[in-house]
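Chemist: Residue numbers (this note's numbering), protein chains in the order written: chain A, 1 to 257; chain B, 1 to 152.
Hints listed in this document are in silico derivations from the structure and should not be mistaken for laboratory results. On a predicted model such as this, the values are computed, not experimentally measured, just so you know. Incorrect hints may have been included.
Said to hold, decoys possible - Pairs of lysine-lysine, DSS-like flavour, derived with a Cα cap of 30 Å:
(1) B/Lys-113 to A/Lys-244
(2) B/Lys-63 to A/Lys-244
(3) B/Lys-113 to B/Lys-103
Said to hold, decoys possible - Residues from chain A shown here face chain B by an in silico Cβ test under 7 Å; the list is partial:
(4) Glu-43
(5) Pro-96
(6) Phe-114
(7) Gly-115
Glycine included, every Cβ here is placed at the ideal spot set by N, Cα and C.
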Amino acid sequence: MGTTDKKSKNAAPKNGGHVIMDLPKNIYRSVIREKTTLRDQSESEPVSDNFFVHVLPVSPLEHPRFGYTLGLGVISMSLFLIVAATGMLMLFYYVPSTEQAYERIVDLNATVSFGRIVRNIHRWGAHGMVAAVFLHMCRVFFTGAYKPPREFSWVIGVFLFLVTLVFSYTGYLLTWDQLAYWGTTVGTSIAGYTPILGDTIQFLMLGGTTVGQETLLRFYVLHVFVLPLLMVTLLGLHFWRIRKDGGLAYQNGNERD
Amino acid sequence: MPNDVKTNGVEPRNESVMNLAGQLVRLMILVMVLLTALLVVSMLFDAPLGAKANPGHPINPAKAPWYFLGLQELVSYSAFIGGIVVPTLIVIVLLLIPYIDRKPVGIGVWFAKGRWIQNIFFGLCVLAMIVLIIIGMYFRGEYWNFILPWAN
């Protein structure tokens, strides 16, 4: 390291300095938090002190290998943001009622400005996200990147994959068209085959004995509130673990000691 | 840390560098390419929307979205095995993978030779799921009977 004990010239004096003279400097410091004494620490600050980029590595490799990750994690996350943004727009038009849901979507397609393209992006983005998350999982497996110390990151990832699937599945019903209705009927009937608790689980999912208003409301609440909350929490944990476990797996073996 | 990495003249080192701007640019390029692709797809193809749901008229066959078609294909043989046992097993095995396979072999390398058993096992599972999805997608017609997609 070499510079371990070297004081930064910007370090605050022990007595706190002059109140008036040091005011601009003190304000500046209080905003950007520049009072470190270590060189490595101050060099890492543009990343570690900024909320929006602090999930990125402080010092990435000089020559990143795209062929290693194929960008699949970034693609999954980006698709989630795109799908969340378009979903939020559609929230302004959608009504989770068996009488209005379908007509609202027909309206969205036909009369709302950019309604059709927003819905298309949401739907295809969601399909893309299922594929991207799955491929990301395959990438991590085939590169052995789940091995210690990254076990728990993989476990969170498995849950993220499941949340993605349930997300898609609950969204599927919201259009309230024939395919949605009968697809959900088939899907929920499978849950009924669970030993002992089968009927209870099925009733809990449907809010009744057949797909109806209660089912639509339940799937809607899951889709627009519960699952987003769960997804964001798990994503935070996932990214936090990636940084804490040392970033990409290939950096440990070859580039770090 | 960057300045302390010794090359030893053995192989060109891929050093880690403080490069926030470079990272952001790479990230941005990837996101923009993705967004463009998604926009083009969304302009060319409309999201499906069938007739309004009618509880009195089942559609035949009622197919799940593509990512569940593999499971639906298994369900057509046995609802309990395909719908409950297999998915549960898949999830349990996935969750246990990093706790079973802990040997520090082939970390950070695609298809490492030392991990051929694991890779073949996982690869076959992925392949099986893809084959089941394709069967469910193209080779199943009314009442889930086997059909040839090019027959009609």
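Chemist: Does the nearest C-beta of chain B fall within a distance shorter than 7 Å of the C-beta of A/Gly-115?
Modeler: violated, 11 Å
Chemist: Hold the hint about A/Pro-96 up to the distance rule: shortest CB distance to chain B must be less than 7 Å.
Modeler: For A/Pro-96, the interface hint is violated, since the closest Cβ of chain B sits about 13 Å away, which is over 7 Å.
Chemist: For the pair supplied as a hint, B/Lys-63 and A/Lys-244, confirm whether the alpha-carbon distance does not exceed 30 Å.
Modeler: The given pair, whose Cα atoms are some 42 Å apart, is violated under the 30 Å limit.
Chemist: Double-check A/Phe-114 for me: the hint is only fine if its C-beta lies closer than 7 Å to a C-beta in chain B.
Modeler: violated, 11 Å
Chemist: Given the proposed pairing of B/Lys-113 with B/Lys-103, does the C-alpha separation stay at or below 30 Å?
Modeler: The given pair, whose Cα atoms are some 13 Å apart, holds under the 30 Å limit.
Chemist: The hint names A/Glu-43 as touching chain B; please verify it with the least Cβ-Cβ distance against 7 Å.
Modeler: holds, 5 Å
Chemist: Can the restraint linking B/Lys-113 and A/Lys-244 be considered satisfied, given a maximum Cα separation of 30 Å?
Modeler: holds, 28 Å
The earlier numbered hints that this structure contradicts are 2, 5, 6 and 7.
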